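Model the full assembly from the supplied sequences, consistent with the hints where possible.
2 protein chains.
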Amino acid sequence: MVEVTRTDRRTSNSRQDILEAAQRLASREGAGKLTIEAVAREAGLSKGGVLYNFPSKDLLLKGMLDWMIETIAPLIDEHRDALEGQPNRTLRALIKASDFKAKNIDPSVPMAILAVAAEDPELLAPMRAEMQARWQQVLDDGTDPELAALLWAAADGLMFHCMLGTGVFPEERRTHLLGRLDELATQICK
Amino acid sequence: MVEVTRTDRRTSNSRQDILEAAQRLASREGAGKLTIEAVAREAGLSKGGVLYNFPSKDLLLKGMLDWMIETIAPLIDEHRDALEGQPNRTLRALIKASDFKAKNIDPSVPMAILAVAAEDPELLAPMRAEMQARWQQVLDDGTDPELAALLWAAADGLMFHCMLGTGVFPEERRTHLLGRLDELATQICK
DNA sequence: GTACATATACCGTCCAAACGGTACAGTAAA
DNA sequence: TTTACTGTACCGTTTGGACGGTATATGTAC
Chain R
1 MVEVTRTDRR TSNSRQDILE AAQRLASREG AGKLTIEAVA REAGLSKGGV
51 LYNFPSKDLL LKGMLDWMIE TIAPLIDEHR DALEGQPNRT LRALIKASDF
101 KAKNIDPSVP MAILAVAAED PELLAPMRAE MQARWQQVLD DGTDPELAAL
151 LWAAADGLMF HCMLGTGVFP EERRTHLLGR LDELATQICK
Chain G
1 MVEVTRTDRR TSNSRQDILE AAQRLASREG AGKLTIEAVA REAGLSKGGV
51 LYNFPSKDLL LKGMLDWMIE TIAPLIDEHR DALEGQPNRT LRALIKASDF
101 KAKNIDPSVP MAILAVAAED PELLAPMRAE MQARWQQVLD DGTDPELAAL
151 LWAAADGLMF HCMLGTGVFP EERRTHLLGR LDELATQICK
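Residue numbers (my numbering), protein chains in the order written: chain R, 1 to 190; chain G, 1 to 190.
Don't take every hint at face value.
Since the list can't tell identical chains apart, any single copy or any two copies may satisfy a pair.
[Unchecked claim] Distance condition first, Cα-Cα at most 27 Å in a straight line; then the derived DSS-like pairs of lysine-lysine:
# : residue 1 : residue 2
1 : Lys57     : Lys103
2 : Lys47     : Lys103
3 : Lys33     : Lys57
4 : Lys101    : Lys47
5 : Lys62     : Lys33
6 : Lys47     : Lys33
Hints were generated in silico from the structure; no laboratory data involved.
Owing to the predicted nature of the structure, the values given are computational and were not obtained by experimental measurement.
Written out as structure tokens, the structure is:
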């Protein structure tokens, strides 16, 4: 009797659909155009339907950010596990994980960051926490903290430029650039 | 005769005031809170006054972006000129110019990027053009294009994290990190 | 200098549309 | 019947923007 409802929620995955629709919309039209009605239209249901799953816009945005974290974190861990024993495994995992195309992840996923930042910058707190924890892992790998921070920043810079379409390199070559970044990360020594 | 008393109004450039108020607001409250009324309040005039100077919100945002470019471009050129004859002068100038604190430039200036992206990503076109032109200069300096792109991305990654407050390094050390980045840029060889 | 005309820079008010959110009736399945 | 959800109708507020008015500066003619 206790655990029944779980399966019901799984049968219809409206929550996922809504979150994905929101990402797509933010990525295509801009974070400012992300209204509840527009999300509903994009997800193929009514405004009431969206508000049933996410009782307020803030909760929808929080949901977007949480989902982004939950999507990316295991991806990072996976790469990190595969690099066990090798130097700078966490940093290298962060770099590898930011190549979304390689893992068939919607490239608009990290747009949640900009959408959330536009609505209320304080909602980014969970992401800050996640990044700090990850940074501790990077440090624990024993490396030059400054170089590591710079390489991480490079990966994120590429990601932001990819999101905004302001990159100076053609999009197709981002994977290759990340490969180069990975080489650098491998070579860092304390 | 006395022609100066009210001349303050004429002399004081409201356009600048409005643009600066908009940057401050976007930086403090988030890009989504950037409404014409709020900008007017922050700039100390009425909504009508803002709309007189910028006939539509899109034009205001375009104004913010243009002003950002006009503020930063000469700064880059200045650094670039100072590095004449040295390797990778353009890339190094880009890195140095992204340290706003050093030049007493309001750190909220690049928030225009996020504000514009939130309203309509296509408005970023002028920035894309500016960056492509700058990239050509970097290439003309004769360097490893991929490494150069990565170092530039690192500088921008630090900037974005600074804007969003999601950086993993304390803000005070950004200057130092940029110095380290400058060292790397100096060492790149073809 | 006075009178009048025009331009500039801005204010205050108003409005239709869009917004986030509520209320509730309905449905389909378990 | 309960649970999980959809869809419509609606409300109060906010939004971008239009518009007419106003104080001041400037130009021109007397």
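Okay, the hints, checked on the actual structure:
Taking CA atoms no more than 27 Å apart as the test, lysine 57 paired with lysine 103 passes in neither setting, with 29 Å inside one copy and 39 Å between copies. Proximity of lysine 47 to lysine 103 under the C-alpha cut-off of 27 Å is found in neither arrangement, the shortest distances being 32 Å within a copy and 48 Å between copies. For the identical chains of this complex, lysine 33 and lysine 57 are neighbours both inside a copy (13 Å) and across copies (14 Å), given an alpha-carbon limit of 27 Å. In this assembly of identical chains, lysine 101 and lysine 47 lie within 27 Å of each other by CA distance neither inside one copy nor across copies; the values are 31 Å within and 45 Å between.
Proximity of lysine 62 to lysine 33 under the C-alpha cut-off of 27 Å is found in both arrangements, the shortest distances being 17 Å within a copy and 17 Å between copies. With identical chains, the CA atoms of lysine 47 and lysine 33 are at most 27 Å apart both within one copy (15 Å) and between copies (22 Å).
Going down the numbered hints, you'll see the structure goes against 1, 2 and 4, while the others check out.
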